[in-house]
Structures are given as C-alpha cells and as structure tokens.
Amino acid sequence: MNTTRISLAYSLPTQTLGSFIKSKRQEKKLSIRQLAEAVKEEKKTDTPFSPGFLSEIENGRRFPSDILFSILAKVLGVDETTLRSFDQRMPSDELKELQQINPQFGFAFRRAVEIIREDNLTPNELLERLHNSNANNV
Numbered sequence: 016m017n018t019t020r021i022s023l024a025y026s027l028p029t030q031t032l033g034s035f036i037k038s039k040r041q042e043k044k045l046s047i048r049q050l051a052e053a054v055k056e057e058k059k060t061d062t063p064f065s066p067g068f069l070s071e072i073e074n075g076r077r078f079p080s081d082i083l084f085s086i087l088a089k090v091l092g093v094d095e096t097t098l099r100s101f102d103q104r105m106p107s108d109e110l111k112e113l114q115q116i117n118p119q120f121g122f123a124f125r126r127a128v129e130i131i132r133e134d135n136l137t138p139n140e141l142l143e144r145l146h147n148s149n150a151n152n153v
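Residue numbers for the sequence shown follow the working numbering, beginning at 16 and rising by one.
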C-alpha cells in the first residue's frame with residue numbers, strides 16, 4: 016500500500032464540519048446557547064433556533080441548510096467557502112448534475128467506488144491516483 020502523502024493542494028480536512036464549528040465557537044468563547052442566540056439574531060426572525068439543533072450539528076447528526084451555512088460563517092467570523100470545505104457529505108447534487116450532462120459519469124463514479132473497495136483505498140490514496148493519472152495525461 017502506498018503511504019506517500021499527497022501535495023498540500025490535495026490535502027483533505029482533518030476535522031468534520033461539526034468539530035470545526037465547535038472549535039470556532041470555543042475560540043470565540045461562546046456557549047452553545049450564545050451561538051444559537053447570535054444565529055437567531057442574524058436570521059432576523061422569530062423562528063426558534065435551538066441550542067439542541069446546534070449540538071446535533073456539532074456532533075454530526077444534522078447539517079445546516081444553505082442559509083444557515085451563511086449565517087454560521089458570519090457569526091463565527093469565517094469565510095463561507097472555508098466553512099463549507101469541512102462538510103463531509105457527498106456532493107450528491109453535483110454528481111447528479113455531472114451524470115445528467117454526460118451519462119458516462121454515472122458509470123465512471125460507480126467504477127470508482129468499486130476500485131476504492133477492491134483496492135481498499137484511503138481518501139488520500141484516491142486523490143493521489145487521480146493526481147498521478149492527470150499528471151500522466153499532461
């Protein structure tokens with residue numbers, strides 16, 4: 016098994032979205048209740064926003080909506096793109112869009128999953144293979 020580290024350009028986050036949010040909240044010395052209140056104020060709505068929901072996000076059981084991503088980024092003082100980079104969910108909408116553009120992508124993605132399982136690849140090994148394949152085709 017290849018243990019070579021990929022270049023920094025292809026590095027993966029070491030934290031999940033929830034743990035990143037929690038660490039930023041703690042850096043700002045906010046309790047989960049205080050963060051929930053700040054989010055509620057930023058939303059400018061009377062809709063309840065509970066600390067329990069934030070706790071579920073921090074523990075990886077729930078995920079924020081697009082609007083909530085924007086609000087959390089603003090309240091936590093981080094760039095929204097940075098915050099989204101910690102979202103470990105599969106980009107299903109993007110994968111579907113690619114498959115609609117070219118149905119062959121569906122077959123390619125299915126084959127990629129088979130290769131990952133057959134070769135027991137880690138995420139870094141997968142990226143390394145993609146990078147090396149791209150470099151060989153240049």
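Hint data in this document are derived by calculation from the structure and do not stem from the laboratory.
The structure presented is a predicted model; accordingly, all values stated were derived computationally and were not measured.
By construction, the Cβ of each residue, glycine as well, lies at the ideal position given by its N, Cα and C atoms.
Honestly, I wouldn't trust all of these hints.
As the list claims (entries may be wrong) - Okay, the calculated beta carbon distance ranges per label pair:
1. Leu145 - Glu42: 21 to 27 Å
2. Ser80 - Arg48: 18 to 24 Å
3. Glu133 - Gln103: 18 to 24 Å
4. Glu112 - Lys89: 38 to 44 Å
5. Arg126 - Ser26: 24 to 30 Å
Return holds or violated for the Cβ distance of Ser80 and Arg48 against the range 18 to 24 Å. Given a distance of about 20 Å, which is inside 18 to 24 Å, the answer is holds.
Kindly confirm whether 38 to 44 Å is satisfied by the beta carbon distance between Glu112 and Lys89. Violated - the Cβ-Cβ distance for Glu112 and Lys89, about 27 Å, lies outside 38 to 44 Å.
Using the C-beta atoms of Leu145 and Glu42, is the stated range 21 to 27 Å upheld? violated, 34 Å
May I ask you to test the hint 24 to 30 Å on the CB atoms belonging to Arg126 and Ser26? holds, 25 Å
Check the following: the C-beta atoms of Glu133 and Gln103 are separated by a distance inside 18 to 24 Å. About 23 Å separates the Cβ atoms of Glu133 and Gln103, which means 18 to 24 Å holds.
Hint violations for this structure: numbers 1 and 4, all remaining hints satisfied.
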